[in-house]
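Engineer: Got chain A; can you put chains B and C on it based on the hints?
Going down the list, the sequences are from chains A, B and C. Residue numbering for the first sequence follows our numbering, beginning at 13 and increasing consecutively. Residue numbering for the second sequence follows our numbering, beginning at 13 and increasing consecutively. Residue numbering for the third sequence follows our numbering, beginning at 13 and increasing consecutively.
I should point out that these hints are in silico values taken from the structure, not numbers from a laboratory. Careful: at least some of the hints might be erroneous.
Chain copies aren't distinguished; within one or between two, either way the pair holds.
Once the Cα atoms are required to be at most 27 Å apart in a straight line, the calculated BS3-like pairs of lysine-lysine come out as [what the hints assert, rightly or not]:
#1 Lys92 x Lys82
#2 Lys18 x Lys122
#3 Lys92 x Lys56
#4 Lys144 x Lys23
#5 Lys18 x Lys92
#6 Lys122 x Lys144
#7 Lys18 x Lys144
#8 Lys18 x Lys82
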Amino acid sequence: MYTYQKEINLKPRARGFHLITREIESSFPDISNINFGMLNVFIKHTSAGLTINENADPTVREDFESHINKMVPENQAYYKHTFEGPDDMPAHIKASLMGTSVNVPITNGKLNLGIWQGIYLCEHRNNAGSRKIVITAQGN
Amino acid sequence: MYTYQKEINLKPRARGFHLITREIESSFPDISNINFGMLNVFIKHTSAGLTINENADPTVREDFESHINKMVPENQAYYKHTFEGPDDMPAHIKASLMGTSVNVPITNGKLNLGIWQGIYLCEHRNNAGSRKIVITAQGN
Amino acid sequence: MYTYQKEINLKPRARGFHLITREIESSFPDISNINFGMLNVFIKHTSAGLTINENADPTVREDFESHINKMVPENQAYYKHTFEGPDDMPAHIKASLMGTSVNVPITNGKLNLGIWQGIYLCEHRNNAGSRKIVITAQGN
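So here's chain A without its partners, still in its complex pose (with noise of 0.2 Å):
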């Protein structure tokens, strides 16, 4: 078994939910390297999660930007984390419902998603930057 490793910065997103799938494939080769195994990206920011879910229809992430702004609503009175803007307090708690990570099967090379499956960045501040992520395959 052996395990391959990469930082990489992610061109920064307007705030909502991106496709990053190819994104990653293509920064990460070693993945061909392994024929069973366990790809982990993770994300080392707070404000910002991934998740995955539907690759075809745009409108899918829409739905999810929206629905989850009223899930978290922003300029709740019982913020006290409010200095850094009211999307921050929000980004954070986000974040956390969608995940720091995920993991992916790996087989015979290849991410092994469903048909409909694709990795999403989900960018919960109005202006972020680039966004660190380390990937980590292991695997045989």
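Structural biologist: Then chains B and C, alone, in the frame of chain A:
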């Protein structure tokens, strides 16, 4: 260290939360080959999820279904992705809230779950068929 | 590749969100043996969870508690699993929203967290005791 991996089809379930621990263990006996390691169970769909929770009282699973329907209601005016029915877009969001995979430590050839823990299939569609999962165990 | 694994008991905490990064690192020095790999921290309970979020301002953790209590309120008429008290069923749901385990890359013998990231114990019961976690590190 070794990697064991297998893709299986779960039997179809009704919308709701379902214990699948025994179905996973019985279809993946390779767990017994590992003294210390990790298991990953990954679902290859975007409208069903996996989580770990209470394995004893069936009303816990009923309450999960009641509450997640309140947290992510159907027929909201802001949903744009509506052509697959009112249960579809909520199913995508619920799947990401629960998660696409679970990790469980393996210790002495067995899943090292707490005594009250079981693995749930979170089925969010009204009329879903069989769901594909990939089970991967890695360890010594 | 090697697997290191250890089960430890976290000291009891009050209901709320608590940083446990140092408690994990100090009780699991095996991390320093791994150049490239992954750490998994798994909680063996169904009414407490684990997540990764902001490690600096304590009001972030207070706001997490305020908001999750609003997202998953107690004493809802549809709860059937009520015999362990009003905080119990919400605790199960919150645990699945936050998650039962976290994965962190290990790089050069250290957790490769972002500078603002820490591991949280999400304690959802009013009067919980010590919580058991299983820590597993795998890598080269």
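Engineer: As a check of your reading, is Lys18 near Lys144 (CA-CA no more than 27 Å) within one copy, between copies, both or neither?
Structural biologist: within (11 Å within a copy, 30 Å between copies)
Engineer: Is it within, between, both or neither when you check Lys92 against Lys82 at 27 Å Cα-Cα?
Structural biologist: both (19 Å within a copy, 15 Å between copies)
Engineer: Between Lys18 and Lys122, at a C-alpha cutoff of 27 Å, which is it: within one copy, between copies, both, or neither?
Structural biologist: Answer is both: 17 Å inside a copy and 15 Å across each meet the 27 Å cutoff.
Engineer: Reference check for the pair Lys18 and Lys82, CA-CA at most 27 Å: within, between, both, or neither?
Structural biologist: neither (35 Å within a copy, 39 Å between copies)
Engineer: From the Cα coordinates, with 27 Å as the cut-off, is the pair Lys92 and Lys56 best called within, between, both, or neither?
Structural biologist: Within one copy only: 24 Å inside a chain, 31 Å across chains, cut-off 27 Å.
Engineer: Pop the pair Lys18 and Lys92 into one bin, within, between, both or neither, using alpha-carbon distances up to 27 Å.
Structural biologist: Classified as neither: same-chain Cα gap 36 Å, cross-chain 37 Å, threshold 27 Å.
Engineer: Given identical chains, is Lys144 near Lys23, meaning Cα to Cα at most 27 Å, within a copy, between copies, both, or neither?
Structural biologist: For Lys144 and Lys23, the Cα distance is within 27 Å only inside one copy (9 Å; across copies 33 Å).
Engineer: How do Lys122 and Lys144 come out at 27 Å by Cα distance, when the copy is not named: within, between, both, or neither?
Structural biologist: both (23 Å within a copy, 17 Å between copies)
When the structure is compared with the earlier hints, violations turn up for hints 5, 8 and for no others.
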